[in-house]
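A.B. asks: Residue numbers (my numbering), protein chains in the order written: chain A, 1 to 284; chain B, 1001 to 1284; chain C, 2001 to 2567; chain D, 3001 to 3567.
No lab work stands behind these hints: they were computed from the structure.
Take the hints with a grain of salt, since some may be wrong.
What the hints assert, rightly or not - Restraint ranges, calculated between C-beta atoms of paired labels, are given here: (1) A:Leu140 x C:Gln2239: 11 to 21 Å; (2) C:Glu2160 x A:Asp8: 38 to 48 Å; (3) A:Asp8 x C:Pro2060: 48 to 58 Å; (4) C:Thr2399 x D:Ile3566: 27 to 37 Å.
Stated by the list, open to error - Computed far set for chain C versus chain A, every beta-carbon distance over 10 Å: (5) Leu2022; (6) Thr2115; (7) Gln2148; (8) Val2403; (9) Pro2405; (10) Pro2413; (11) Ala2465; (12) Thr2491; (13) Ala2512; (14) Leu2540.
Said to hold, decoys possible - Dumping the calculated DSS-like pairs for lysine-lysine here, alpha-carbon to alpha-carbon at most 30 Å: (15) B:Lys1025 x B:Lys1208; (16) B:Lys1250 x A:Lys236; (17) B:Lys1138 x A:Lys187; (18) A:Lys126 x A:Lys208; (19) A:Lys203 x C:Lys2157; (20) C:Lys2157 x A:Lys138; (21) A:Lys208 x C:Lys2157; (22) A:Lys236 x B:Lys1236; (23) D:Lys3561 x C:Lys2442; (24) D:Lys3564 x C:Lys2442; (25) B:Lys1236 x A:Lys250; (26) B:Lys1250 x A:Lys250; (27) B:Lys1138 x D:Lys3157; (28) A:Lys126 x C:Lys2157; (29) B:Lys1138 x A:Lys250.
Built from N, CA and C at the ideal position, the CB exists for glycine as well.
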Amino acid sequence: MLPLDLYDSIESAWCPGCGNFPMLKAFKEALAELEIRPEEIVVVSGIGQSSKFPHYLKCHTFNGIHGRTLPVATGFRLVNRDLKVVAVAGDGDCYGEGGNHLLAAFRRNPDITLVTHNNQVYGLTKGQASPTSDQGFKSLIQPQGVPYPPLHTLALAVAQDCSWVARGFAGEGEHLKNLYKEALTHKGFSFLEVLQPCVTFNKINTYKWYRQRVYRVAETPDYDPENELWAYQKAKEWGERIPLGVIYRKVRPALEEAYPRLEIKSLARPESTPPVSRLLADFY
Amino acid sequence: MLPLDLYDSIESAWCPGCGNFPMLKAFKEALAELEIRPEEIVVVSGIGQSSKFPHYLKCHTFNGIHGRTLPVATGFRLVNRDLKVVAVAGDGDCYGEGGNHLLAAFRRNPDITLVTHNNQVYGLTKGQASPTSDQGFKSLIQPQGVPYPPLHTLALAVAQDCSWVARGFAGEGEHLKNLYKEALTHKGFSFLEVLQPCVTFNKINTYKWYRQRVYRVAETPDYDPENELWAYQKAKEWGERIPLGVIYRKVRPALEEAYPRLEIKSLARPESTPPVSRLLADFY
Amino acid sequence: MAVDLNILIGGAAGQGVHAISLPLAKALVRHGCQVITRQDYQSRIRGGHLFNVIRVADRPLLSGREGVDLLVALNQETVTLHQGELAPDGVLIYDAAHVKEVPAGVRSLALSHDTLLPGTQAGEIAVNAGASGAVLGLLQVPVAGLTQLLADTFAGKGPEVVEWNEKAATRGQELGEAIPLAVTLAGITAPPEPRLLISGHEALALGALAGGLKFICGYPMTPWTSLFNAVSQRAAEWQVVVEQAEDEIAAINMAIGASYAGARALTGTSGGGFCLMTEGLGLAAMTETPLVIVVAMRPGPSTGLPTRTDQGDLNLVLYSGQGDFPRAVLAPGTPAQGYLLMAKALNLADRYQLPVLILTDQYFGDSQLTHTAPEFPEVAVERALSLETTTPYERYALTPDGVSPRRLPGMGPGLVVADSDEHTPDGHLTEDLSVRIQMQAKRQRKLEGLVQELGGLTFAGAEEAPLTLACWGSSLGPVHEAVTRLNQAGTPARMVHLSELWPFPREAVARALGSAQKLVLVEGNYTGQLNGLLRQETGLQAHHLIRRYDGLPFTPEYILKDLKGIA
Amino acid sequence: MAVDLNILIGGAAGQGVHAISLPLAKALVRHGCQVITRQDYQSRIRGGHLFNVIRVADRPLLSGREGVDLLVALNQETVTLHQGELAPDGVLIYDAAHVKEVPAGVRSLALSHDTLLPGTQAGEIAVNAGASGAVLGLLQVPVAGLTQLLADTFAGKGPEVVEWNEKAATRGQELGEAIPLAVTLAGITAPPEPRLLISGHEALALGALAGGLKFICGYPMTPWTSLFNAVSQRAAEWQVVVEQAEDEIAAINMAIGASYAGARALTGTSGGGFCLMTEGLGLAAMTETPLVIVVAMRPGPSTGLPTRTDQGDLNLVLYSGQGDFPRAVLAPGTPAQGYLLMAKALNLADRYQLPVLILTDQYFGDSQLTHTAPEFPEVAVERALSLETTTPYERYALTPDGVSPRRLPGMGPGLVVADSDEHTPDGHLTEDLSVRIQMQAKRQRKLEGLVQELGGLTFAGAEEAPLTLACWGSSLGPVHEAVTRLNQAGTPARMVHLSELWPFPREAVARALGSAQKLVLVEGNYTGQLNGLLRQETGLQAHHLIRRYDGLPFTPEYILKDLKGIA
Ligand SMILES: Cc1ncc(C[n+]2csc(CCOP(=O)(O)OP(=O)(O)O)c2C)c(N)n1
Ligand SMILES: Cc1ncc(C[n+]2csc(CCOP(=O)(O)OP(=O)(O)O)c2C)c(N)n1
Ligand code: SF4
Ligand code: SF4
Ligand SMILES: [Mg+2]
Ligand SMILES: [Mg+2]
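The shape of chain A in the complex, shown without the other chains (with noise of 0.2 Å):
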């Protein structure tokens, strides 16, 4: 168990009462009972209010643009073995302007862990509707409310065969340390979503309306995560009931096994780079 205050940074400036308060404690407890220190991990995020996370934590932090902190922390991953690899981002970020890299992140299976920041609405742009938002859903720009039904986002990660498929909630602090703890140890890609209720804009999906509706799938009768029948029944899953915990996990080998590995020294210094000459052989 390493101190918390190792984790410390910068002051936020997320609104009294949002639900990344209590997701930045209890990621900064995951780290410290695995004993990952700040130099031993690094965060990658894209443009969001969730996307300010990496700053207000002590760690490696790679901040990009919006929607593409999957292939940041990809590319990162394939080239470097050592650090834990985390990705976090805005359901905006990951499931609207980035859908596609999620596709291709189930698909490849790299080492790294995506922690997705559900609050169901686009928060630092001031409330527009989400892939995540509620059918019905009011903004601005959708005075009549949503038209079609949210992303079904776990169900997309099972049918893709993720390896580590979770889904967490601000509102349960302890439980999403320990999700937080399996994300990280698994080794493949997890993928663990967590419930953040956004307290100045999504008025409807509020910590209430959350607690009146998440429980744990652990406590179903002999629920089998490796089912993927039923994994992708607890998928699907909104509205009434909502699962938390650990949806569906499959053994897979990770992205990165299928490449050379390098390491870190010899990027920094290339000691030999390939001798010309055995470069020119096939133009004669």
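We have chain A already, so just place chains B, C and D with the ligands on it with the hints.
C.D. replies: Only chains B, C and D with the ligands this time, still in chain A's reference frame:
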């Protein structure tokens, strides 16, 4: 039944034996039998061998850019309710470059028929792996073979409640024609993936390879395409046995029903634009 | 005595800065004043620091200015950050609940829930309405106009809330009145024709609707979002189809699909989102599909300062997209000009069948100016469609002016075949390289007609002045006022403002600037992008560049300070 | 008598045009000739018409030329399309199975499976190998070199196939020898040091590998794909990580992630794909992440002519991405220059921590030139990393030259914080506008050092000539030869070629072109993009523009013809 030559257009540039030929033939037959005249249908495509499809068919045509077939088709559908709208895309176009739009189309459910020409390869760019290439598929860019499994396209659709999901095979023209007809008459988003052998660049998934594997899902004793779990299992089935036919069906309102209906005449000659005085009223 | 007062309302995000400013500004306009407002906010939703400035005068205003006469502080930070700007005879109005330290020797008025609405649960309404009222009191403006506005705004929230607002505003007004001000608005009377208070993006939205817009599609991005909102709010009433896209690539491609179908279509975004649209921009040009794209600028590179203002995307919109193709680029300087340019953009896009880009920025989009109704005339809708139905129809028929007769799918027989590949006149893809030469020339030919319709120069100041300040887009106001002040101070100076940037109106600009003894370019970017364009197109270049790239808009003071050295 | 022959091998796609050309060209180089090849193909996989041209001479060649001396026709269309170009004493070699009409009065040689390989199932091998052999025969070149090459190529296919090739080639050679040619290669002998035949994209791949590339990622797109292939083929051997991205947006962002991690990273694409990368381009600049991006040009706008060549993306790479930020743009003129520029690009990207763009095109990428090994020296790998491990580490420390000490995550203590928002020196996002000013200036300052390292002018022809032909990128060869021919014909002329375009080497270019009495710019685009840049940066502009935008590369003849009027 309209005469088939009604749909004749310019000469094709496809390779002899290409799976696109029987698809074009079956599609023309479907149109003829449904008595959809060239001026009653718009075919939108992207870039790829398959995207040349509308040029070889008499119809309103929008041949756009790689991967963006669905947004163009959706924009069209939102302002025009009269024409049949068909989106034609390659596997690279639709599942690679355009994956994000496919996710969005499943959610929106516009009244569009999407036909993917799935040859499991990038044809026009000479044989690189596509998102549906089988694991191990080799190319100049993947000399060691693709290290991860293909995208599960139909399962993707089922998991997002796509309102009509089917698979056809270029080698079974009559069956394919009927799927085209059903797709064209379905109200809402119909997703038809067609196994289309690329005789030049895909030496693995050949006519023979497919023939040895495909079967009619309808022949599965009391198979019910409205049973989601069953559909999910069939959608996931790939390898030794590959189901053909209508895999999934779900009744959902079409996207455009949530929007004002615009008439072509009013588009062409906007009788009435808002009086400025009314517009200014908010600003005094 | 001329009236020219700056009112700054500041606080933490979410505290109600806008709730105070908006009705207040409107009330002042209704009273008969000329008003200009500016918003300054950070990329956060709660906390931090944000403020609005309301400049009010008895003569037309095109620009904000520096300095503060009345400072409304909802938190301590506002006091700390802005007390230095407060004029000697200025007054500080503050929320006693959040402001504990008031600078010595500053006239001030403390407001609190309990003095304003004792024994109620009115919450922040008290101080918000009270502060607005207090400002009016200080300025000797009756409170009726304000309470009416508050009543309209809060009608939905029930009679109690309306009553709270009225009470607090009235009480605030009384408290304000008690403090004597050297300059008040008492002498000002409302004009026969009421005036409008409207922002740049609101005016563009009106131009689009009046111009027959039928489809708008986009992805949220600051500062573009405020325009998207302004249209969406009115869409149902005017039968406009609004769709939020999954990303900017989808946005422009959907708009192209809708335009191909025949709807007047608009999309927009800001720099980063526009990068994603640039492939689609070329698609619109190649398929000759009319399209209007708004690019609302903010400081780059990359995410940069998302809520600030900037003029750094001129080169981006001029040159994005692969290959050579025709486009038009417009950059309005005032809301009224924006209204007209939006209508013009829709017509040019239809008549020349190409993409038209409108450059705005956060300052232009969010700032409200006082205008009059005649500045927003009815506009003509020129669809330029060919209604006769000859078949076979050639979508890309070669014509002397490069414009081919345009038809819509479903308008009748004759198939509309559009293609992003190089194509023959009938729209089918071709490898015939002689056709390629004709088609590339045909597309470019459209610019010859287009450039004839552009000019868009706005002049101000002394005609023959040796000193010329040239600018474009949103800096019209500050430069205009700087030039006015220079002339008043006895330095003859002239403003030349460009609002139509591409195809570059070479002759007009060369005529306007060629004679300048001292040419100064005022631009909100680092490298002087218009200056580069000017030299490339005319050989002329500025003797001096006044640049700003800290995310704030130009002010007359900023420009005059920079000129000190040279003028 | 000087040898300078053009051999055109044409047929339908898939018929074996490449199978004939590639070994033939190599055999000619091994024989001691100087060779340059060019590929011409359509955007289709089978059918249509495609051809390769092999120009062979006894002196160094930098360019192709027009005209045909030996025409190898695998189908009738090739005869129809090219017989007009055939020289009076030229010879037509054709596949009797597909060519039925031979133009009257043309010397010709018919080849068929049964005359070449009677009684075998050799299929197209017969005519392919036979044609190569026949060409060598006509040119009086021994067939051994060719059969050796064919044996190497087909070794994998088993001894029978190898034997078929040898037999057919030998028989073809005999048939060819029987036809007398005025000019042959008999007199030519191989040099002591063997020569290389290498294409532009192959040379760039070598430059990247020799330069320490560790990560490449991209999405297929013609003509960029041939470079991606050339690296991927060699990746396993040299421990380079290769990933095909799901789209170009992912490609550039993955490359940025890999570079942030410390790998020398390369991505590339062509115009349409590059549009999608432009947001990432700004990300690389803002986070100061080294990155090399190859943009292989083809004719736009939009999809345009995907398999043709063009120089229309100069403005695109100069100005794409929102806001002002530093970048470098290079455009090699020959494979050997490309090799060196790629290595330089990787070093500049690392040392200045910014994106470096390399502009190529289909002509540059696919054409093979004859080079010698010394033109491909070993290259230095300058990582420019700061190895001392002070903490706290400031990723964006303000420095006089704008370059901050760079460290890698995991290299030791000290956290590497990179951000696309405007940021403080420690990498955290900020709303402090004074920091913004410093950071924007810091980034731009890097250009001051960078421009000192650029120049990249190549001169040819008569130094003081009144006529100067300026060009950039792939047109070096054709312009070089045009200038040579002009001087030979008694018209003093000079070539100035630019290979390093941004930051624009103002002084060097002004010096080189300022004196030109008649300045002619040769560009493969419609609007004259370099001409615009030249005027913007130096005030100079061309007196005449020689443009080509039909998708074909420049030839000396094309340039000389266009000059007729003016020189
Ligand atoms: C390319 C691009 N498009 C749009 C934006 C504007 N933008 C910033 S954050 C954001 C969405 C925020 O929503 P989400 O990802 O759910 O994050 P949250 O703020 O809700 O945590 C958008 C659209 C951008 N920065 N870049
Ligand atoms: C933005 C962009 N990226 C890449 C390309 C190059 N490109 C053209 S077609 C194609 C893929 C073709 O594969 P697929 O979509 O499966 O169609 P097919 O040719 O196999 O029918 C690619 C990558 C392009 N035209 N535009
Ligand atoms: S807007 Fe919503 S998501 Fe953003 S900080 Fe505030 S509460 Fe959190
Ligand atoms: S390359 Fe493949 S997909 Fe393309 S036309 Fe040939 S066979 Fe068909
Ligand atoms: Mg969100
Ligand atoms: Mg394909």
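A.B. asks: Compare the structure with each hint and give your call.
C.D. replies: Each hint tested on the structure:
1. A:Leu140 x C:Gln2239: 11 to 21 Å: holds (19 Å)
2. C:Glu2160 x A:Asp8: 38 to 48 Å: Check passed, 45 Å falls within 38 to 48 Å.
3. A:Asp8 x C:Pro2060: 48 to 58 Å: holds (53 Å)
4. C:Thr2399 x D:Ile3566: 27 to 37 Å: holds (31 Å)
5. Leu2022: holds (15 Å)
6. Thr2115: The claim stands: Thr2115 (chain C) keeps its Cβ more than 10 Å from every Cβ of chain A (closest is about 26 Å).
7. Gln2148: holds (25 Å)
8. Val2403: holds (34 Å)
9. Pro2405: Holds, since 36 Å exceeds 10 Å.
10. Pro2413: holds (34 Å)
11. Ala2465: holds (44 Å)
12. Thr2491: holds (44 Å)
13. Ala2512: Ala2512 (chain C) clear of chain A: closest Cβ-Cβ about 40 Å, beyond 10 Å.
14. Leu2540: holds (37 Å)
15. B:Lys1025 x B:Lys1208: holds (20 Å)
16. B:Lys1250 x A:Lys236: holds (15 Å)
17. B:Lys1138 x A:Lys187: holds (26 Å)
18. A:Lys126 x A:Lys208: holds (21 Å)
19. A:Lys203 x C:Lys2157: holds (17 Å)
20. C:Lys2157 x A:Lys138: holds (18 Å)
21. A:Lys208 x C:Lys2157: With a Cα-Cα distance of about 23 Å, the restraint between Lys208 (chain A) and Lys2157 (chain C) holds, given a limit of 30 Å.
22. A:Lys236 x B:Lys1236: Satisfied, since the Cα-Cα distance of roughly 16 Å is no more than 30 Å.
23. D:Lys3561 x C:Lys2442: holds (24 Å)
24. D:Lys3564 x C:Lys2442: Roughly 26 Å separates the two Cα atoms, so the pair holds.
25. B:Lys1236 x A:Lys250: Distance of about 15 Å is within 30 Å: holds.
26. B:Lys1250 x A:Lys250: Holds. Lys1250 (chain B) to Lys250 (chain A) sits at ~28 Å (cutoff 30 Å).
27. B:Lys1138 x D:Lys3157: It holds: about 18 Å lies between the C-alpha atoms, which stays within 30 Å.
28. A:Lys126 x C:Lys2157: holds (22 Å)
29. B:Lys1138 x A:Lys250: The given pair, whose Cα atoms are some 26 Å apart, holds under the 30 Å limit.
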